[in-house]
Amino acid sequence: MEKDQDKILNEVTQGEYKYGFVTDIEAESIPKGLNEDVVRMISQKKNEPEFMLEFRLKAFRHWQTLKMPEWAHLKIPEIDYQDIIYYSAPKQKPKLESMDDVDPELKETFDKLGIPLDEQKRLAGVAVDAVMDSVSVKTTFKENLAELGIIFCSFSEAVQEHPDLVKKYMGSVVPYTDNYFAALNSAVFSDGSFCYIPKGVRCPMELSTYFRINAANTGQFERTLIVADDDSYVSYLEGCTAPQRDENQLHAAIVEIVAMRNSEVKYSTVQNWYPGDKNGKGGIYNFVTKRGKCAGENSKISWTQVETGSAVTWKYPSCILLGDNSSGEFYSVAVTNNHQQADTGTKMIHIGKNTKSVIVSKGISAGFSENSYRGLVKVVKNAKNARNFSQCDSLLLGDKCGAHTFPYIEVDNKDSVVEHEATTSKIGEDQIFYCNQRGIKTEDAIGLIVNGYAKEVLNKLPMEFAVEAQKLLQISLEGSVG
Amino acid sequence: MLSIKNLHASIEGKEILKGIDLEVKPGEVHAIMGPNGSGKSTLASVLAGRELFEVTEGKVKYFGKDLFDLSPEERASEGIFLGFQYPIEIPGVSMVNFMKTAVNEQRKHKGLEPMSSSDFLKLMREKKELVELDAALANRSVNEGFSGGEKKRNEIFQMAMLEPKLSILDETDSGLDIDALRIVANGVNKLKSADNATIVITHYQRLLDYIVPDYVHVLYNGKIIKSGGKDLALELEEKGYDWLKKGETV
Ligand SMILES: Nc1ncnc2c1ncn2[C@@H]1O[C@H](COP(=O)(O)OP(=O)(O)O)[C@@H](O)[C@H]1O
Ligand SMILES: [Mg+2]
Chain A
0 MEKDQDKILN
10 EVTQGEYKYG
20 FVTDIEAESI
30 PKGLNEDVVR
40 MISQKKNEPE
50 FMLEFRLKAF
60 RHWQTLKMPE
70 WAHLKIPEID
80 YQDIIYYSAP
90 KQKPKLESMD
100 DVDPELKETF
110 DKLGIPLDEQ
120 KRLAGVAVDA
130 VMDSVSVKTT
140 FKENLAELGI
150 IFCSFSEAVQ
160 EHPDLVKKYM
170 GSVVPYTDNY
180 FAALNSAVFS
190 DGSFCYIPKG
200 VRCPMELSTY
210 FRINAANTGQ
220 FERTLIVADD
230 DSYVSYLEGC
240 TAPQRDENQL
250 HAAIVEIVAM
260 RNSEVKYSTV
270 QNWYPGDKNG
280 KGGIYNFVTK
290 RGKCAGENSK
300 ISWTQVETGS
310 AVTWKYPSCI
320 LLGDNSSGEF
330 YSVAVTNNHQ
340 QADTGTKMIH
350 IGKNTKSVIV
360 SKGISAGFSE
370 NSYRGLVKVV
380 KNAKNARNFS
390 QCDSLLLGDK
400 CGAHTFPYIE
410 VDNKDSVVEH
420 EATTSKIGED
430 QIFYCNQRGI
440 KTEDAIGLIV
450 NGYAKEVLNK
460 LPMEFAVEAQ
470 KLLQISLEGS
480 VG
Chain B
0 MLSIKNLHAS
10 IEGKEILKGI
20 DLEVKPGEVH
30 AIMGPNGSGK
40 STLASVLAGR
50 ELFEVTEGKV
60 KYFGKDLFDL
70 SPEERASEGI
80 FLGFQYPIEI
90 PGVSMVNFMK
100 TAVNEQRKHK
110 GLEPMSSSDF
120 LKLMREKKEL
130 VELDAALANR
140 SVNEGFSGGE
150 KKRNEIFQMA
160 MLEPKLSILD
170 ETDSGLDIDA
180 LRIVANGVNK
190 LKSADNATIV
200 ITHYQRLLDY
210 IVPDYVHVLY
220 NGKIIKSGGK
230 DLALELEEKG
240 YDWLKKGETV
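Protein sequence lines correspond, in order, to chains A and B. Residue 0 is where the first sequence starts when you use numbering that gives the first Met the number 0, and the numbers rise one by one after that. Residue 0 is where the second sequence starts when you use numbering that gives the first Met the number 0, and the numbers rise one by one after that.
A hint or two may mislead.
Said to hold, decoys possible - With a straight-line cut-off of 25 Å between C-alpha atoms, the simulated SDA-like cross-links for lysine to any residue are: (1) A:380 to A:171; (2) A:454 to B:88; (3) A:425 to B:139; (4) B:107 to A:451; (5) B:189 to B:222; (6) A:454 to B:93; (7) A:454 to B:95; (8) A:454 to B:139; (9) B:99 to A:166; (10) B:99 to A:458; (11) A:277 to A:297; (12) B:99 to A:429; (13) A:346 to A:168; (14) A:425 to B:84; (15) B:222 to B:240; (16) A:459 to B:95; (17) A:454 to B:120; (18) A:454 to A:383; (19) A:280 to A:145; (20) A:470 to B:99; (21) A:425 to B:146; (22) A:459 to B:96; (23) A:425 to B:86; (24) B:13 to A:429; (25) B:99 to A:297; (26) A:383 to A:297; (27) B:164 to B:2; (28) B:109 to B:124; (29) A:459 to B:99; (30) B:4 to B:52; (31) A:454 to B:99; (32) A:470 to B:112; (33) B:164 to B:27; (34) B:99 to A:462; (35) A:454 to B:90; (36) A:265 to A:465; (37) A:454 to A:421; (38) B:60 to B:27; (39) B:164 to B:124; (40) A:277 to A:78.
Simulated from the structure, these hints should not be mistaken for lab results.
Given these sequences and hints, build the entire structure.
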């Protein structure tokens, strides 16, 4: 019976990565390696003000004193940081007046990825910032948003146009001293998105950033900063893919969110970096620091992530619940297949009174993969009446994969209630046969079962992307049945 | 429509079916009875294509085709329906979504377009009434948290939705109170036609008061040891299986 089950699951869990193509476009890169000169060169290329260079240099010097963390449940070969290119930009005309100025190759690349940059073909109701390798290629709907006072642009542009905002908030949630990869990112980050929602404005469309790694041997270090002022609302979505390459590539990003009084930020990620091949060759190392600060009272930050890609994922989108009555949410589906490894989860730090947090984590492991949930719920002494509920489920497809749960709970306030539930289940041969008997093919049966299992999280995604994510879940687990 | 010849099947090297012969024609109702562990569910599973069981000998023709050339989902699409003795729970997958996928997969197999949402919902409503299924059940996850009786009724509901040619109902009556039994039997009878056939696997004769079989077979220790008309069921009710078992050893 066990054998049968394994056979079925083996067959279905060997899907192909659909975004593995490479765009042949001329890029402007700097030589491999990392030192102070490289940091200066990046800053200079971006024509940055002095405060940015200082920030980078401080971060770099700090990074040099650090060691790569080893506490995660991950096996990572040593990374040679001198063998990576830290800046690569597709060559195109310096100034973009209209869409006609975007290189047709680039346009085509994003078309192929389902992210049209053309005026006519744009996704309805979604503004996109498209980032390829180290630079932002194009931000759509910028002007429409500007009419409401919303700033949505590339990080580089924000540094030039809104240096005061950048200076005020950059590093305020994730300081460069936070961890190894945060320090590295702070030293060499290239681009990313910036978003500011002014007081009392409800952003009328989804904002989204699409990250694409294209060039070989290049690290991607992007940085996103979202600031929601009092009484504002924004829903933000991030997508990412990369070509199929035999070498591993490094992606170390930072996302910072600041939510002021009565504001709400929803941040959704559909992460589909190249996961490596069936035998574990190649793939992206995804080491990301994502954190939101509920700075004002009644503010709310909600993270939703669907993680299907990357060879190694190390990522804990977190909330610092500073304002009284603020709340944080973390909804996650993490799929690992073949030889993928994921160590992901969240941190909910309750500081204000009556703060609430909800954690729903759904891990799905197949093949020889390792999938870990790691979460911290911390309630400080003065966080009266804090509430947390955590639900961590693991679904196993086959018996060569692993699922692990590491919940850390630190409560220093006695009025607080922290609840944790965890389950582990397996897709049974009997469930698949039941579907088969109704005429449903094994591939579709697994898709159905997995999507049912992850429904609670998928329902949190913006509608436009929920369908996409459902398909993605199925694709990352499917393969040749027969 | 179904012709079983000398069927042998085993699990983990242990032979369970030891030479079954059975002919089923359109319009017929066959009852298979027999004590626990005789191999009734195994026969149903083998016909539906469960790979757990290995067919070691024998042939099964279904509308002239070799049944064992078809995958379980092909058999389903070609009209074989199995009402499970123990229906499986699929958490998070709503009955609506499950049935819609099943109906459309079967339509695809027949070269038909997927059903429109409104047609599908209409069909659901119609069939729910037929088996008096609580409307709320259809919005819940497949069999999750259903009572024993609800699960059985849900099997008949699915049968009604899929309109099979050959229905194999494995102890659909067990665990049902008399009202539920009547509803289930009614459902089966309403779906009966000259073109389809039903194999009812049961323990008790009482179901056969509602679903009147054309033939009754006694399966014991992997073999059909006696076949007869509907009166055989009454005789079994009265005398039990022992007199047959003795006969078999002689
Ligand atoms: N999955 C299985 N693994 C091992 N033995 C099984 C399995 N399923 C059924 N059997 C054995 O096959 C025999 C027939 O079982 P079954 O077909 O369920 O009988 P019935 O439905 O007539 O009660 C029993 O001895 C049972 O123990
Ligand atoms: Mg049985």
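> Quick check: which numbered hints come out false for this structure?
Replying inline: 5, 9, 11, 18, 19, 25
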